[in-house]
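Start from the sequences and build out the full structure, keeping to the hints where you can.
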Amino acid sequence: MKEAGFPLKDQAQVEAALRELGEPEADIEALTPAVMALDAWQVEASTPASRQKLLEALMPAMPEPENVPSVVQQAVARRWESQLAQLEFFLDVARAQVSVLRPGFWFFSILIVLLGMVLTTPEFNIPDPVILWLVTPVVALVGIHYGFQSVIHRVSELEAAAPISPLRLSLARLMIVLIYDILLLSAFSLFLISQGEAGGSLTDLILHFLSPLLLVSGVALTCSLRWSMRVSLTVGYTVWMVFVMAMLNLVSAAGWGTLAEWGGMLAGAGLLAVGIMGQRRSPAQML
Amino acid sequence: MRIMNEAFESVSDEALMEQMCRGSRQALAALVERHHPPLMGYLYRLTNGQRELAEDLAQETFLKILQSAALYARGRPFKPWLYTIATNRARDHFRRLETRKTDDWSDWIEERPGQIDLEPEAAFLTRENQGRAAAAVQQLSPPLRAALILRFYNDLSLEEIAQALDLPLGTVKSRLSNAVRQLQRILAEPQEV
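Chains P and W supply the protein sequences, listed in that same order.
Residues 2 to 288 in the working numbering are what the first sequence lists, from first letter to last.
Residues 18 to 210 in the working numbering are what the second sequence lists, from first letter to last.
Among the hints, a few may not be true.
[Stated by the list, open to error] Not the full set, but computed from the structure, chain P residues with beta-carbon under 10 Å of chain W: (1) Glu24; (2) Ala27; (3) Asp28; (4) Ala38; (5) Ser51; (6) Leu55; (7) Leu179; (8) Ile180.
Since the hints were made in silico from the structure, they are not lab data.
Small disclaimer: the values here were computed from a predicted structure and weren't measured.
Every residue gets a Cβ at the ideal spot worked out from N, C-alpha and C, and that includes glycine.
Following this line, the structure appears as structure tokens:
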């Protein structure tokens, strides 16, 4: 039986390994016994029988000599691999992330938009931009909650153990959430226009929902780097409420409403970038 | 039965991989003979002592290598690639488990301690020390545990770990530093009787 043991044979080797990590000299003496203690956990994990069994299982998958790709085929394959691998890999990651998103994300987002449709009925008499300002932040919060709840559940620790970086995972997940939300809200905007009551063009309506979508998502995601998801979502919504109040009472009066929405959208995009970049470090921070 | 032909002992992993790509079964056998023990050690420790799971993951890893043989880039360092695939297999397994059964895979981790199968013939003190070391490693989070095992049990260089886990070298160092410090703290805690 072969042992998968502890390869550092003496204290000097362990100290050298710690030094390689950049540990201060003062700490090395204290840390060395902890590393040396690992030696106690020896694993007898592989036997000739287990390797033989493995080989027997592998042999059917072994390429037959006649099926082995030629040198040219291998070169073409490698070239395709280098060009497509990154894209393919990212799409694989995105596809995996779709399966990670729970049904609640898809369901509640649609439900909120359907509730928004109820608000368009004449009984409520709410202007379309205000409906979008009410509905979109909630859709954004649902997206951030479900898309990034791994931060709560510490799934990202698992993700960080994998070669796929947390940054790429977060990007893929954010891409799915935003694309879904934008499609949903675009459909809602078209619905508003079809009702013939929209207070502007489709472009105006897109601005009305993009601004809260990005701002609320950006604030919540950035806050989640330091605080719990619940607090972050609350802060995201509160910031948006303050933003709307300020816009309605101060900025719009001066005719700067559109400019303020553009500002909110750009600020949100910036915060999203900060939030996503921060996700690459968040697993370590959670330790 | 001696599986590996002595002629292969001095051949590099990369050369064996290329021979295997050309259909050499002896090269595959040599790779298995050389890398199965440390790979099993890695997966066994990463999965907190689940031998059957580690064996399944090791088999999946070698199968994946066979399936990717046609795309193997000549001269690509074999060992980091092997551990990249193995870590991915483990992650995928945990993710499937997490999606199917639980809301939080950290619950799963906490169930594992105590399932480490210690050798019955080992002396009590040895077993106790072994149990302490195993329990301490289990308490580390998966990213730290993976880096720690690769460095201190599997003897991968920092650069190889960076390649295997697709991390910048600085992140590997800080992860290992965190792991060692947490390990020291855990081992310093008084043992429960």
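Evaluation of the provided hints:
This hint holds: glutamate 24 of chain P has a C-beta 6 Å from the nearest C-beta of chain W, less than the 10 Å allowed. The criterion of a C-beta within 10 Å of any C-beta in chain W is not met by alanine 27 of chain P, whose closest approach is roughly 13 Å, and the hint is violated. At about 8 Å, the closest approach between the beta carbon of aspartate 28 of chain P and any beta carbon in chain W falls short of 10 Å, and the interface hint on this residue holds. Against a cut-off of 10 Å between C-beta atoms, the interface hint on alanine 38 of chain P holds, since the closest Cβ of chain W lies about 5 Å away.
The interface hint given for serine 51 of chain P holds, since its Cβ lies 7 Å from the closest Cβ of chain W, which is under the 10 Å cut-off. Hint on leucine 55 of chain P holds. Least Cβ distance to chain W is approximately 6 Å, under the 10 Å limit. With its C-beta approaching chain W no nearer than about 22 Å, leucine 179 of chain P sits outside the 10 Å limit, and its interface hint is violated. With 10 Å as the threshold, the beta carbon of isoleucine 180 of chain P stays out of range of chain W, its nearest partner Cβ sitting at about 22 Å, so the hint is violated.
The earlier numbered hints that this structure contradicts are 2, 7, 8.
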